[in-house]
Amino acid sequence: MSNSLKVPVNRIIPFSSVDGPGNRTAVFLQGCGFDCKYCHNPETRNLCVACGRCVQECPTGALTLVDNKVIFDYNKCCKCDTCIKVCKHGASPRIRWMEPAEVLEEVKSNMPFIRGVTTSGGECTTYPEFLKEFFRLCKDVGLTTLIDSNGSYDFSKDRELLEVTDGVMLDVKAYDLNEHINVTGTDNKMVLQNMEYLASVDKLFEVRTVVVPGLFDYEGTIAEVSNKLSAYKTNIRYKIIAFRPNGVRQEYRNYNSPDRAELDRLAEIAKSKGIKDINII
Amino acid sequence: MREISMERVNKTREEMLGVVKSDVLTHEQKVANMANLADSLLEVLDLPEGLDDLLNKGIDEQCICDLFEGHAPLRPRYIIPDYEKFMKEGSEFLQLDPPKDLLEAVNNLLIFYKHVPSVTNYPVYVGSLDKLLDPFVQDMDEEMAEKIIKMFLIHMDRTILDSFCHANIGPEPTKAGFIILKVIGQMQDAVPNLTMKVDKDLTSDELLLAGVNTALHSAKPSFANNKMFESELGKDYVIASCYNGLKLGGGSYTLCRLILGNIAKKATDVEDFINDKLPYVMDIMARYMDERIRFEVEESGFFENNFLAKEGFIHRDRFTAMFGLVGLADAVNILMEKEGKTGRFGSNKEADDLGVRIMDKIDEFNTHHNNKYCEATDNHFLLHAQVGIAQDIDVTPGTRIPIGEEPEELIDHLKVISRFHKYFPSGTGDIFPIDATVHRNPEYVMDIIKGAINQDIRYLSFYGSDSDVIRITGYLVKKSEIEKLENHENVKHDTTALGMGAKHNGHILERKVR
Ligand code: SF4
Ligand code: SF4
Ligand code: SF4
Numbered sequence: 001m002s003n004s005l006k007v008p009v010n011r012i013i014p015f016s017s018v019d020g021p022g023n024r025t026a027v028f029l030q031g032c033g034f035d036c037k038y039c040h041n042p043e044t045r046n047l048c049v050a051c052g053r054c055v056q057e058c059p060t061g062a063l064t065l066v067d068n069k070v071i072f073d074y075n076k077c078c079k080c081d082t083c084i085k086v087c088k089h090g091a092s093p094r095i096r097w098m099e100p101a102e103v104l105e106e107v108k109s110n111m112p113f114i115r116g117v118t119t120s121g122g123e124c125t126t127y128p129e130f131l132k133e134f135f136r137l138c139k140d141v142g143l144t145t146l147i148d149s150n151g152s153y154d155f156s157k158d159r160e161l162l163e164v165t166d167g168v169m170l171d172v173k174a175y176d177l178n179e180h181i182n183v184t185g186t187d188n189k190m191v192l193q194n195m196e197y198l199a200s201v202d203k204l205f206e207v208r209t210v211v212v213p214g215l216f217d218y219e220g221t222i223a224e225v226s227n228k229l230s231a232y233k234t235n236i237r238y239k240i241i242a243f244r245p246n247g248v249r250q251e252y253r254n255y256n257s258p259d260r261a262e263l264d265r266l267a268e269i270a271k272s273k274g275i276k277d278i279n280i281i
Numbered sequence: 282m283r284e285i286s287m288e289r290v291n292k293t294r295e296e297m298l299g300v301v302k303s304d305v306l307t308h309e310q311k312v313a314n315m316a317n318l319a320d321s322l323l324e325v326l327d328l329p330e331g332l333d334d335l336l337n338k339g340i341d342e343q344c345i346c347d348l349f350e351g352h353a354p355l356r357p358r359y360i361i362p363d364y365e366k367f368m369k370e371g372s373e374f375l376q377l378d379p380p381k382d383l384l385e386a387v388n389n390l391l392i393f394y395k396h397v398p399s400v401t402n403y404p405v406y407v408g409s410l411d412k413l414l415d416p417f418v419q420d421m422d423e424e425m426a427e428k429i430i431k432m433f434l435i436h437m438d439r440t441i442l443d444s445f446c447h448a449n450i451g452p453e454p455t456k457a458g459f460i461i462l463k464v465i466g467q468m469q470d471a472v473p474n475l476t477m478k479v480d481k482d483l484t485s486d487e488l489l490l491a492g493v494n495t496a497l498h499s500a501k502p503s504f505a506n507n508k509m510f511e512s513e514l515g516k517d518y519v520i521a522s523c524y525n526g527l528k529l530g531g532g533s534y535t536l537c538r539l540i541l542g543n544i545a546k547k548a549t550d551v552e553d554f555i556n557d558k559l560p561y562v563m564d565i566m567a568r569y570m571d572e573r574i575r576f577e578v579e580e581s582g583f584f585e586n587n588f589l590a591k592e593g594f595i596h597r598d599r600f601t602a603m604f605g606l607v608g609l610a611d612a613v614n615i616l617m618e619k620e621g622k623t624g625r626f627g628s629n630k631e632a633d634d635l636g637v638r639i640m641d642k643i644d645e646f647n648t649h650h651n652n653k654y655c656e657a658t659d660n661h662f663l664l665h666a667q668v669g670i671a672q673d674i675d676v677t678p679g680t681r682i683p684i685g686e687e688p689e690e691l692i693d694h695l696k697v698i699s700r701f702h703k704y705f706p707s708g709t710g711d712i713f714p715i716d717a718t719v720h721r722n723p724e725y726v727m728d729i730i731k732g733a734i735n736q737d738i739r740y741l742s743f744y745g746s747d748s749d750v751i752r753i754t755g756y757l758v759k760k761s762e763i764e765k766l767e768n769h770e771n772v773k774h775d776t777t778a779l780g781m782g783a784k785h786n787g788h789i790l791e792r793k794v795r
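From first to last, the protein sequence lines are chains B and S. Read left to right, the first sequence gives residues 1 to 281 (our numbering). Read left to right, the second sequence gives residues 282 to 795 (our numbering).
It should be emphasised that the hints constitute simulated quantities derived from the structure, not laboratory data. There's no promise every hint is true.
[Said to hold, decoys possible] Anything over 10 Å on all C-beta distances counts as not near chain B; from chain S, calculated: (1) Asn291; (2) Leu695; (3) Asp716; (4) Ile729.
[Said to hold, decoys possible] No farther apart than 30 Å at their CA atoms in a straight line, the calculated lysine-lysine pairs in the DSS-like style are these: (5) B:Lys76 with S:Lys508; (6) B:Lys239 with S:Lys793; (7) B:Lys239 with S:Lys463; (8) B:Lys79 with S:Lys696; (9) S:Lys366 with B:Lys139; (10) B:Lys139 with S:Lys508; (11) S:Lys463 with B:Lys108; (12) B:Lys271 with S:Lys463.
Owing to the predicted nature of the structure, the values given are computational and were not obtained by experimental measurement. Cβ atoms here follow ideal geometry from the backbone N, Cα and C, with glycine treated the same way.
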């Protein structure tokens, strides 16, 4: 196997109840092209530039700077998260560069308690070649494969990837172009194209929208997305997620969380447009 | 019968008066306590030498505990009547004909329950309810069936005043089974405790998922590995009391437990524990159990005179006895310290390996000890991971990992317990509070159960971390009822007091939420 398939793994959660159906191992890859204001894992967006700041602040000496690279010693780390708080580059020094087979080895130790894997991020489709090989290996041992994506990757051009992917959980952060740019710093043409394409080839497992009062017209987004999805026969789930401040960068933490009544109202809107499976989190 | 001192008689009389005047015990609890105190004055057993020193000590020293079975056992500890036979044939003693419809069926059962003795004076097993009731719900109005079964269950909760009372469902899906899960999911009652037998070849996903949904709301059912129990006890096993595997139409004469942590305190090091202190205590406990069994079978007259035996609802030769233990984790941690090592049970391979070595030793002892009245289980006792009692302080139930020391990841927790469940045909189990968000993904819990029964894990319980009914150690208690008791109000179930003890001494509300 060539070295090019090594990817930066931010972390692997052995049992996850929130990354798709049943119990799954969730693999978080480092790196994302979006810059969402409400990102809960801002430290997963970029790769480390070895500025050395976290190395100085780490209380346990788990980090060292060697040859212009940060070396992370897992056994010394006390999981205090100081490093990711002080990093100015949206990165984390606690990543491991891993081959698909190495990731699979870790996943396998969770069998038979899991039914599959979900790759997430950051944005895991930053590494399509890794995903293809990793998912192939997962399929060989009988695991199902899901991708959690912000929709920036052109799935329609990668049949090979979709062949080994059971479904995509797609974030639609805002339906309106300008709002999407305001929320994420990027346009959403590819996101909306992916939504319809994946729905048409029956690979869209779930669509998600984070509800952030005051940031964008989430009601319009949910209504428009529901409208589009109801045209497809398959039973696509709409997950409506309440904004929560944990993990969010200080400067964006002041948004309010929507209350239950508001979330129920949104679910009603999705339902009235023909969405059957609605999940409020 | 041996003489006892007047001093002891007077002490017991004082205690009896205390019971009479108690402001927290209900009438039934007072009567039961009075009987136990009266029994404590009897001295009819021929006790093995050395027992007194191991048995009659405070909880920080005691090595053997007989769990309040009394001095002259007048009935076996746990009785498992053959309710199928009762449904088919009725009972002469109770003047009941076989039921013809659902109302008659539940009425007959409720009558029968009042005549099933046990150590708590309430039945510890109330039947495989789905199988017993299924024939009667087939051609019936579903709403009416639900209503009758709901009333049946409420009746049990309000009259069987002890949570060591267990019903079974599964492994096959039945109409009655779904109704039972549905109505239990509408209530949050502690009684009866419920186990679903789970078998990958027999249990449908639909039934398992219905069980998980009910458990997340009502803290029951728990889930038992059907193939594992069947391979050890045969097809006619049931789950009774906390989580005890026993034979239908039989039961357990007695249950005593080793308090492993206190035995470890007496040892100088690991080898001394394994080769000297532990075998010494095991030998005395086994002979003590032999003597209790001898009295029950040869002298008490129970098996000759009780209608359950006379009418064939129980058979003496289907009984066995439970060789219990608590505090494997405590013993391992104490011994590791004595060896100058820091590893702790549940998070360190060497410590876990020592746990396995201790269990192998206990298992080996048990398979070499014979009791002629345990024919049902090849003349051996069955090992039992006892869940603890309210008085336990610094005693970890069975082979569990102490609360507060559970591994960060559930997978690592499951891997530890899968090394220990296989030793205990007469029961062990682990309990996991589950985060409320999982209510929206019950298949998460289902996947874990399916994995578990593939990995030699015997028995698992889950409850929603925000639920009022919670599982203490094996039995169920309502948090709201514990609060009542803390405010000195009467509560109907005697197990609530145990739950309060476990809350304060066992920190059960601090379990790691998954
Ligand atoms: S797409 Fe996801 S990972 Fe990327 S910035 Fe947005 S929220 Fe963060
Ligand atoms: S993780 Fe961030 S703070 Fe640490 S060296 Fe890399 S860029 Fe600098
Ligand atoms: S979390 Fe980061 S700062 Fe804290 S000990 Fe680990 S590496 Fe060091």
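Hints, one by one, checked against the model:
1. Asn291: holds (59 Å)
2. Leu695: violated (7 Å)
3. Asp716: Its Cβ does come within 10 Å of chain B, the nearest being 7 Å, so this is violated.
4. Ile729: violated (5 Å)
5. B:Lys76 with S:Lys508: Roughly 43 Å separates the two Cα atoms, so the pair is violated.
6. B:Lys239 with S:Lys793: Holds, because 27 Å separates the two Cα atoms, which is no more than 30 Å.
7. B:Lys239 with S:Lys463: At roughly 27 Å apart (the allowed maximum being 30 Å), S:Lys463 and B:Lys239 satisfy the hint.
8. B:Lys79 with S:Lys696: holds (23 Å)
9. S:Lys366 with B:Lys139: violated (50 Å)
10. B:Lys139 with S:Lys508: Measuring from Cα to Cα gives roughly 28 Å; hence the hint holds.
11. S:Lys463 with B:Lys108: violated (36 Å)
12. B:Lys271 with S:Lys463: holds (26 Å)
Going through the hint list in order, the structure does not satisfy hints 2, 3, 4, 5, 9 and 11.
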